[in-house]
Amino acid sequence: MLRVYKTDQVTKHVKKLKKIQVDSWIALTNPTNDEINKVVERTKVDVDLIRKMLDTEELPRVEQSDNGTLIVIDTPYLEEDTHKYTTYPIGIIITNNNFVITVSPKKNSILDDFKNNKVSDFRTAKKTRFLIQILLKTSSYYLKALKEVSQDIDAKEEVLKKSTKNKDLIDLLNIEKTLVYFISSLKANELVLEKLYRGIVVTLYEDDKDYLEDAVIENKQAIEMSTIYKSILKSISNTYETIASNNLNDAMKFLAGITIVLSIPTMISSFLGMNIPLGNIMTDTLGFLKIICVSFIISLVLAYVLRKKNML
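For the sequence shown, counting from 1, position 295 maps to 295 in our numbering; every step adds exactly one.
There are no misleading hints in this set.
Taking lysine to aspartate or glutamate pairs in the EDC-like style, the calculated list, with each CA pair at most 16 Å apart, reads: (1) K156 <-> E176; (2) K187 <-> E218; (3) K234 <-> D168; (4) K6 <-> D112; (5) K6 <-> D113; (6) K84 <-> D152; (7) K18 <-> D8; (8) K16 <-> D113; (9) K19 <-> E41; (10) K187 <-> E58; (11) K309 <-> D250; (12) K177 <-> D152; (13) K308 <-> D250.
The hints are simulated quantities; they were obtained by calculation from the structure and are not laboratory data.
Please construct the entire structure, taking both the sequences and the accompanying hints into account.
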């Protein structure tokens, strides 16, 4: 999908254009070959810079060509079918002839905020600021996603207090997988931010440095939060694995104790069932009741001993 946007000089709002113009923003979302060729023909940008961004596994980095600079960052993405977070790349190409091109393999909420005038002081003509604002928005979205992950961890912890089913433990594993993706992407984004901060990629203006510093701070905060949540999640997983193991041990000890206690009446009845003389007990009218009482008393004594040894 190809869309062209430009900030209106009077209203300062972003409006959609029918044709590509100088100082406009060209938004490509999973573009077709025709759309790519149309952008390349108008902007003279290297086609490889665009085609590379169709790969969802593209890594954050900075790449320069004859007519443009490509900055790739990873952004958080909520999968609609699983409702789990993952990361996808966005490519921002700043051309030498006053165009900004964004390329993403999937529809991205971060770019939607710019299209819908939800970002203050956004101007398509200010290409460096636009780039930094995308980086700042990305860091903010990571923090927002991490708050949802934290709430999800708390909810799963409450569930695990009541049961330790395999499904609940697998849910924790999926959350941990999300945090691993986040940490890896945020650290890669940090390297891109450091290159931009040194001013060796694009020219930094004085007003833009504050935005970039905010982006660096929020990115570091997101890394720290992700690392903390991952440690907490690992601790929760280990704790409930230990609890499940202890519960199994307790159940096995209880069953072993019950087996020992019930084996006493079985052993006595087995001895009495042998074809050997047993004296007066065979002729005693209360013999059967006495045998039951003796078996019951021995079982109670054995149960008391096992209880003292924490086996019942």
